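There are 2 protein chains.
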Amino acid sequence: MPLQPSWVESANTPETDFPLNNLPYGAFLSDAGEPHCGVAIGDMILDVTSAEASGIIQIEDEDEVFFFGDWTEFMALGPAVWAAFRAEVTRLLADGYEGAPELVEHMVPQVGTRMVMPFAVSEYTDFYAGRHHATNVGTMFRGAENALPPNWLSIPIGYNGRASSVVVSGTPVRRPLGQLKAPDEDLPRFGPCARFDLELEMGAIVGQPSEGMVSVGQADEMIFGYVLLNDWSARDIQAWEYQPLGPFQAKATATTVSPWIVTRAALEPFRCATPKRERPLLPYLREPGPMLYDIALEVGLAPEGKPETVIARTNYREMYYSAAQQLAHHTSSGCPMRVGDLLGSGTISGPEPHQRGSLLELSWGGKEPITLDSGETRSFLEDGDTLTLRGAALGDGYRVGFGACTGQILPAGAVPDWAQD
Amino acid sequence: MPLQPSWVESANTPETDFPLNNLPYGAFLSDAGEPHCGVAIGDMILDVTSAEASGIIQIEDEDEVFFFGDWTEFMALGPAVWAAFRAEVTRLLADGYEGAPELVEHMVPQVGTRMVMPFAVSEYTDFYAGRHHATNVGTMFRGAENALPPNWLSIPIGYNGRASSVVVSGTPVRRPLGQLKAPDEDLPRFGPCARFDLELEMGAIVGQPSEGMVSVGQADEMIFGYVLLNDWSARDIQAWEYQPLGPFQAKATATTVSPWIVTRAALEPFRCATPKRERPLLPYLREPGPMLYDIALEVGLAPEGKPETVIARTNYREMYYSAAQQLAHHTSSGCPMRVGDLLGSGTISGPEPHQRGSLLELSWGGKEPITLDSGETRSFLEDGDTLTLRGAALGDGYRVGFGACTGQILPAGAVPDWAQD
Numbered sequence: 001m002p003l004q005p006s007w008v009e010s011a012n013t014p015e016t017d018f019p020l021n022n023l024p025y026g027a028f029l030s031d032a033g034e035p036h037c038g039v040a041i042g043d044m045i046l047d048v049t050s051a052e053a054s055g056i057i058q059i060e061d062e063d064e065v066f067f068f069g070d071w072t073e074f075m076a077l078g079p080a081v082w083a084a085f086r087a088e089v090t091r092l093l094a095d096g097y098e099g100a101p102e103l104v105e106h107m108v109p110q111v112g113t114r115m116v117m118p119f120a121v122s123e124y125t126d127f128y129a130g131r132h133h134a135t136n137v138g139t140m141f142r143g144a145e146n147a148l149p150p151n152w153l154s155i156p157i158g159y160n161g162r163a164s165s166v167v168v169s170g171t172p173v174r175r176p177l178g179q180l181k182a183p184d185e186d187l188p189r190f191g192p193c194a195r196f197d198l199e200l201e202m203g204a205i206v207g208q209p210s211e212g213m214v215s216v217g218q219a220d221e222m223i224f225g226y227v228l229l230n231d232w233s234a235r236d237i238q239a240w241e242y243q244p245l246g247p248f249q250a251k252a253t254a255t256t257v258s259p260w261i262v263t264r265a266a267l268e269p270f271r272c273a274t275p276k277r278e279r280p281l282l283p284y285l286r287e288p289g290p291m292l293y294d295i296a297l298e299v300g301l302a303p304e305g306k307p308e309t310v311i312a313r314t315n316y317r318e319m320y321y322s323a324a325q326q327l328a329h330h331t332s333s334g335c336p337m338r339v340g341d342l343l344g345s346g347t348i349s350g351p352e353p354h355q356r357g358s359l360l361e362l363s364w365g366g367k368e369p370i371t372l373d374s375g376e377t378r379s380f381l382e383d384g385d386t387l388t389l390r391g392a393a394l395g396d397g398y399r400v401g402f403g404a405c406t407g408q409i410l411p412a413g414a415v416p417d418w419a420q421d
Numbered sequence: 001m002p003l004q005p006s007w008v009e010s011a012n013t014p015e016t017d018f019p020l021n022n023l024p025y026g027a028f029l030s031d032a033g034e035p036h037c038g039v040a041i042g043d044m045i046l047d048v049t050s051a052e053a054s055g056i057i058q059i060e061d062e063d064e065v066f067f068f069g070d071w072t073e074f075m076a077l078g079p080a081v082w083a084a085f086r087a088e089v090t091r092l093l094a095d096g097y098e099g100a101p102e103l104v105e106h107m108v109p110q111v112g113t114r115m116v117m118p119f120a121v122s123e124y125t126d127f128y129a130g131r132h133h134a135t136n137v138g139t140m141f142r143g144a145e146n147a148l149p150p151n152w153l154s155i156p157i158g159y160n161g162r163a164s165s166v167v168v169s170g171t172p173v174r175r176p177l178g179q180l181k182a183p184d185e186d187l188p189r190f191g192p193c194a195r196f197d198l199e200l201e202m203g204a205i206v207g208q209p210s211e212g213m214v215s216v217g218q219a220d221e222m223i224f225g226y227v228l229l230n231d232w233s234a235r236d237i238q239a240w241e242y243q244p245l246g247p248f249q250a251k252a253t254a255t256t257v258s259p260w261i262v263t264r265a266a267l268e269p270f271r272c273a274t275p276k277r278e279r280p281l282l283p284y285l286r287e288p289g290p291m292l293y294d295i296a297l298e299v300g301l302a303p304e305g306k307p308e309t310v311i312a313r314t315n316y317r318e319m320y321y322s323a324a325q326q327l328a329h330h331t332s333s334g335c336p337m338r339v340g341d342l343l344g345s346g347t348i349s350g351p352e353p354h355q356r357g358s359l360l361e362l363s364w365g366g367k368e369p370i371t372l373d374s375g376e377t378r379s380f381l382e383d384g385d386t387l388t389l390r391g392a393a394l395g396d397g398y399r400v401g402f403g404a405c406t407g408q409i410l411p412a413g414a415v416p417d418w419a420q421d
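First to last, the sequence lines map onto chains A and B. Read left to right, the first sequence gives residues 1 to 421 (the UniProt record's numbering). Read left to right, the second sequence gives residues 1 to 421 (the UniProt record's numbering).
Derived by calculation from the structure, the hints in this document are not laboratory data. Keep in mind it's a predicted model, so treat the numbers as computed, not measured. Incorrect hints may appear among the rest.
Copies of one chain are not kept apart here, so a pair can be met inside one copy or by any two copies together.
[Said to hold, decoys possible] Computed list of lysine to any residue pairs in SDA-like fashion (alpha-carbon distance at most 25 Å, straight line):
1. 276 / 244
2. 367 / 275
3. 276 / 3
4. 181 / 277
5. 276 / 217
6. 276 / 288
7. 181 / 278
8. 367 / 68
9. 276 / 418
10. 181 / 281
11. 276 / 189
12. 276 / 186
13. 181 / 287
14. 306 / 373
Just need the whole structure built from these sequences, with the hints factored in.
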């Protein structure tokens, strides 16, 4: 499918993340400081909340679906409503739409507009489904022979994360404090994390609830859309805390998502298959069709006041398990899934060194610091660094992108008096 | 403090869980099938939602705090409101209250009334803070020398659980399906859990949000109240899935809480200290006073159609870490806590064999099945079994109890066609 033209001129260039083919959903602060729902088109946002209030947009016989500036209520209405709304917004923004002059007053420029969380995260689950990432991390921690845990080729390994710390792109991230103990120290101490890291991931948003177990095909239909996701990770806190029950405070400081939710519909042309299975999957995890997406991804790191270096380039198609497989597995015990659940893909690394989606891997546990264009080196993140994830599915003369997923590292807060020896 | 008499006669006996000293908060279905908030007193419930609607109860200048039959909004109002409300309900239900006749129409008998979830669980975190439990499980899995992980005496180890699967007492629990692989099997299979277990825990409900790190003393002030909590656990699913990132589907089927939230205020007379520290805690985890509670606990198991056997008796004071310590640790990375977060204490086992809070421990991994009064034996739970947790702080001629926390095991559902080989 080629670029679909819009009457919003800036949407008709091969460089924009937001052509008519995309139409991703976000939320922003209106002039009055209220959250509004919006659809990105070129360098503009269609203010869906105000368009609904003025009667231009109407979701079936529902009132004020977008009143609170949050897509959760819309998601809950289900796939038929998702499809009808997308068709209607496509019609409104397509080149030649006669009502365009009336819509112009509901258009807001993206530049200078503050984005907010586009949906309420019910619960957040993070997976560990990238083969190269798991192999890299496993090799560092357990040696090359024992790199992949025995269950890894059978289970999309996941753990529950913390929904309350999911933030939208642009939110600064404060370096965490925590318990730290180096292998050569006898006792732990409490202080700032020294090995603060990013994890390049995709997030899948569950748009429909489940009761009981669902198949991979049903799970795919429940997914509302995808975001870029940075699962900030305190490697030193994690190393000391994670046995035996998994990461906890190491992953609880913040998880940043892109401001725009790219719908499953917009990504349809970019579906691709998971890699060949090394060990046959159990039937409940088998895919009825291609469930991954070909999405080019990159990570930029800019030290404070310095230009950015792209430190990694990879692709979502490198994952071993798809979000639909992860969601199906998530329901296998009878666990109810809810509208607004967020599933992190796991770190997306490719087979080559420059394709690694974390500094842990890029610097090989800090042993091989990477050099930035500015000449500085990095093993882990330093205060003032700004991290930016970018991603786009690349079509024929257009791209379906997510906007930047960014966060700047603030210095750790002081250890309170009562927490000092 | 002795028993405080109420005009509700059944509240004045030493046997009731619900004397005037207690006044726990729950939610129930009204005659019209709507959830209402209630306070237990003897064998009755004061219908707080209807009492508010009729003007007998008024929370400051707030309207309809109890309208939706859920305590979440009330919790969010904070400790001063909690204290004022408790004082007012104590006045209304105390012996000699002159307006008692007017209150009678807002009293509902507990018998025959269906309880529902008393609050919306924001997120659920489960801990592993019982010394005896951790030692027992560690001994079974890693041998007596390596029983406690190296971090255990320094960190209240926790992992995020699944809020969507928290259910109120009385909800049947369906035996989960899942991936299973015995050590002598080459490949996993998908089928019903064969080692389904209970975990006897207390749950602490976070009633105030945090931003940034809080001290143990501040954490204590944030706790609204406590419930009994059964963290149903699929041991065979867990054994295969839990490395390296912790339990996931093994703990996602259901977590049952008691219908009544016993407030921190009601438990004040029963505060007691955590045990002597074997290794000094870091200052951020030190307690400004006694933070545990002396609460006698027991577990009953009744096979279908047979009488119940009490299979374990223990006490909440056996924990090594208090809920306040757990909550303080939870915020140490900057993780925001929210109203309605639920913290499971971890399995509460005492030093003696009959004080163990799980069948995994009671039957020592299934090797030493226990014998019930009916003559049947149990290594793990069987279909039809009803599990009941009970707990009460024992005062001078009265008890402050939680009501029964119960659940019956239903047989696993059939494996769907698409999940079969």
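Status of the hints after comparison with the structure:
Taking CA atoms no more than 25 Å apart as the test, residue 276 paired with residue 244 passes between copies only; the shortest distance there is 24 Å, against 31 Å inside one copy. With identical chains, the CA atoms of residue 367 and residue 275 are never at most 25 Å apart, being 30 Å at best within one copy and 42 Å at best between copies. For the identical chains of this complex, residue 276 and residue 3 are neighbours neither inside a copy (32 Å) nor across copies (69 Å), given an alpha-carbon limit of 25 Å. Within a single copy, residue 181 and residue 277 get their C-alpha atoms only as close as 39 Å, which misses the 25 Å cut-off; across copies the closest is 19 Å, which meets it.
When the C-alpha separation of residue 276 and residue 217 is checked against a cutoff of 25 Å, the pair qualifies only within one copy, where the shortest distance is 18 Å, while the shortest distance between copies is 54 Å. Proximity of residue 276 and residue 288 under a CA criterion of 25 Å is satisfied intra-copy only: 14 Å inside one chain copy versus 57 Å between copies. Only between protomers do residue 181 and residue 278 lie at most 25 Å apart by alpha-carbon distance; the minimum there is 18 Å, versus 37 Å within a single protomer. Taking the closest pair of Cα atoms, residue 367 and residue 68 never come within 25 Å of each other, the shortest separation being 48 Å inside a single copy and 57 Å across copies.
In this assembly of identical chains, residue 276 and residue 418 lie within 25 Å of each other by CA distance solely across copies; the values are 20 Å between and 54 Å within a copy. In this assembly of identical chains, the alpha carbons of residue 181 and residue 281 lie at most 25 Å apart only when taken from different copies (14 Å versus 39 Å within one copy). For the homomeric pair residue 276 and residue 189, the shortest alpha-carbon distance between copies (20 Å) is at most 25 Å, but the shortest distance inside one copy (45 Å) is not. For the homomeric pair residue 276 and residue 186, the shortest alpha-carbon distance between copies (20 Å) is at most 25 Å, but the shortest distance inside one copy (46 Å) is not.
Taking identical chains as interchangeable, the C-alpha atoms of residue 181 and residue 287 lie at most 25 Å apart only when they sit on different chains, with a minimum of 22 Å there against 43 Å within one chain. In this assembly of identical chains, the alpha carbons of residue 306 and residue 373 lie at most 25 Å apart only when taken from the same copy (9 Å versus 74 Å across copies).
This entry does not satisfy hints 2, 3 and 8, going by the numbered hints stated previously.
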